[in-house]
Structures are given as structure tokens and as C-alpha cells.
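Quick note, the sequences are listed as chains A and L, same order.
The first sequence begins at 1041 in my numbering and counts up one residue at a time.
The second sequence begins at 772 in my numbering and counts up one residue at a time.
In short, the hints are calculated from the structure, not lab data.
Here the structure is a predicted model, which is why all the values come from computation and not from measurement.
Heads up, some of the hints might be wrong.
Said to hold, decoys possible - Computed spacing ranges between beta-carbons, pair by pair:
id, chain 1, residue 1, chain 2, residue 2, range
1, A, N1059, L, N956, 22 to 30 Å
2, L, T888, A, G1066, 25 to 33 Å
3, A, G1078, L, L910, 47 to 55 Å
4, A, I1064, L, R776, 16 to 24 Å
What the hints assert, rightly or not - Within a straight-line C-alpha distance of at most 30 Å, the following computed DSBU-like cross-link-like pairs (lysine-lysine) qualify:
id, chain 1, residue 1, chain 2, residue 2
5, L, K786, A, K1079
6, L, K884, L, K786
7, A, K1081, L, K947
8, A, K1079, L, K953
What the hints assert, rightly or not - Selected chain A positions facing chain L (in silico; Cβ < 8 Å):
id, residue
9, I1067
10, I1074
11, L1075
12, T1077
13, A1082
14, R1084
15, K1093
The C-beta atom is built at its ideal place from N, Cα and C for all residues, glycine as well.
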Amino acid sequence: MSIIVNLDVMLEKRSMKSNELADIVGITTANLSILKTGKAKAIRFSTLEAICKALDCQPADILEFVED
Amino acid sequence: MTKNRLLNIAITLCKMTKMIFILLFIGFTVIFIHLQIDRSFYSSQKISINTNSKNYISTTKWKANTNEDYNKIFTVDKLKTGSLYVMYLKLALGLILLFLCVKEFQKVMESVKGIETFGENNVLSFRRIGRLILAYAILTSYTSMSFENGGFSGVYISFTSLFLVLFAFIMAEIFKEGFLIKQENDLTI
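Produce the complete structure using the sequences and hints provided.
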């Protein structure tokens, strides 16, 4: 997929663990894992908003477009 | 609740139908064996062949140097051994195919009950049902029986079976669409 999710990088920058983020955002760790591994087909604005709020970042910091 | 009751009835019906198929299979096997031991027991049993049915696209009846009525030629005891074996195998295979069909349908019903309606297994189940009914339609399409003093052969097209095949494949496509939508929904975070 040409949209890359850089959630790992942001988590490392903020020294946060996946479990903590999942708790704050209110999603399961399984779903967060789907998002991190790039298996997700779509992301809700509400989820994106919660992640941005939790990591104090912009959507562009998490999502990146790469030409196939 | 209503939904569950309906599903439970469907599942029970499937189980009962499966039992009936097993009993029929055993019954046919017993008759098949008994027919070879004591043929005269079945001398009054006529085989009625409805050649007037519009589903038959070609039929042939023949007699061998006899003035006997067809009703007297087409009796179970005068059926040739080869024909008897073919008939038994056809019946047995037909019952097995129908049994597997009902089994697949039961699986689908159980998955609906378990709230896994749009799973990949149901798509495969409906495709399997389609293939099984198609095999059944092909199996029953040709009838050929040889008796001591005559015989019958005919090609029969069962439109009901073909309609069911089409229906099963359409259901498979619908469930495939449902599976894709469910997958997309599941993978939306």
C-alpha cells in the first residue's frame, strides 16, 4: 500500500508504549497493531484525532504517501 | 429470538433430512442385496417411466421379439444385473451428493447462528452446494435400463436442479460481497 503509517516512529519519539496509546485512544491493542503493520483499510477521523491528541502531533507525522 | 428459533428449526430440519438420507441409503442397499438373493419377490413391482414429462429431451423404448406389454417388461425382477448395479450406484451417489449438500447448508445455518454470517467459509459452502447440485443434475440426467425383454433410455434435464445451481452460485457471490464489506469494516480503525 502506498500510504505508510509511521506510528512506531512517533511512539519512539514520545517514548510511549503501544499499550499506553491504545488505552488513551480507546482502541484495542489488536487494532493498533493492524494500524501499525499497515493492514488497515481505513482510519476514522475520530481515531486519527485521538492519536494526534495523544502523541501531540499532526496527521502528516503519522501518515506518509509513497509512490508504488 | 424469532431469528434464532427459525435458525434452530432449519438446523433441526437439516439434521432430520441427513438422517432420512442415511436411512434411505441403508434401505436401498438392503433392497439391492435382497434383489440379488430373491428376485421373484419383486415380480409384481413395476418400474413406471414417465416418458411424457417435458423435461425429457430424448427417450427410447425397445422390445425384443415379444408381444408383451411394456408394463410386463419393465418390472424390477427382470432388470439386468448390469443395469441394477448402475441404478444402485446412481441412487447411492445421488444420495451422497444430496447428503453433502444438506451438510453444507447446515454449516451455513450454524455460522449464521454464531453471528459469523459473512465469513469466507460461507462463500466456499455455497460454491460447494452449487457444484454438488450440478453434479447431481448431471448424474440424474441420463437414465438407461435394460430388462430381459426390452429396455429404456432417456436424457432428462432437471430445470429445478439447474435453477438451484444458479441460485447457489448467486448466493456465493452475494456472500462474497458481504465478506468484502465486513473485512473492510473490520479493518477500519
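Here's how the hints hold up against the structure:
no., hint, in the structure
1, A/N1059 to L/N956: 22 to 30 Å, "holds, 25 Å"
2, L/T888 to A/G1066: 25 to 33 Å, "holds, 27 Å"
3, A/G1078 to L/L910: 47 to 55 Å, "holds, 49 Å"
4, A/I1064 to L/R776: 16 to 24 Å, "violated, 44 Å"
5, L/K786 to A/K1079, "violated, 40 Å"
6, L/K884 to L/K786, "holds, 15 Å"
7, A/K1081 to L/K947, "holds, 17 Å"
8, A/K1079 to L/K953, "holds, 15 Å"
9, I1067, "holds, 6 Å"
10, I1074, "holds, 6 Å"
11, L1075, "holds, 5 Å"
12, T1077, "violated, 11 Å"
13, A1082, "holds, 4 Å"
14, R1084, "holds, 6 Å"
15, K1093, "violated, 15 Å"
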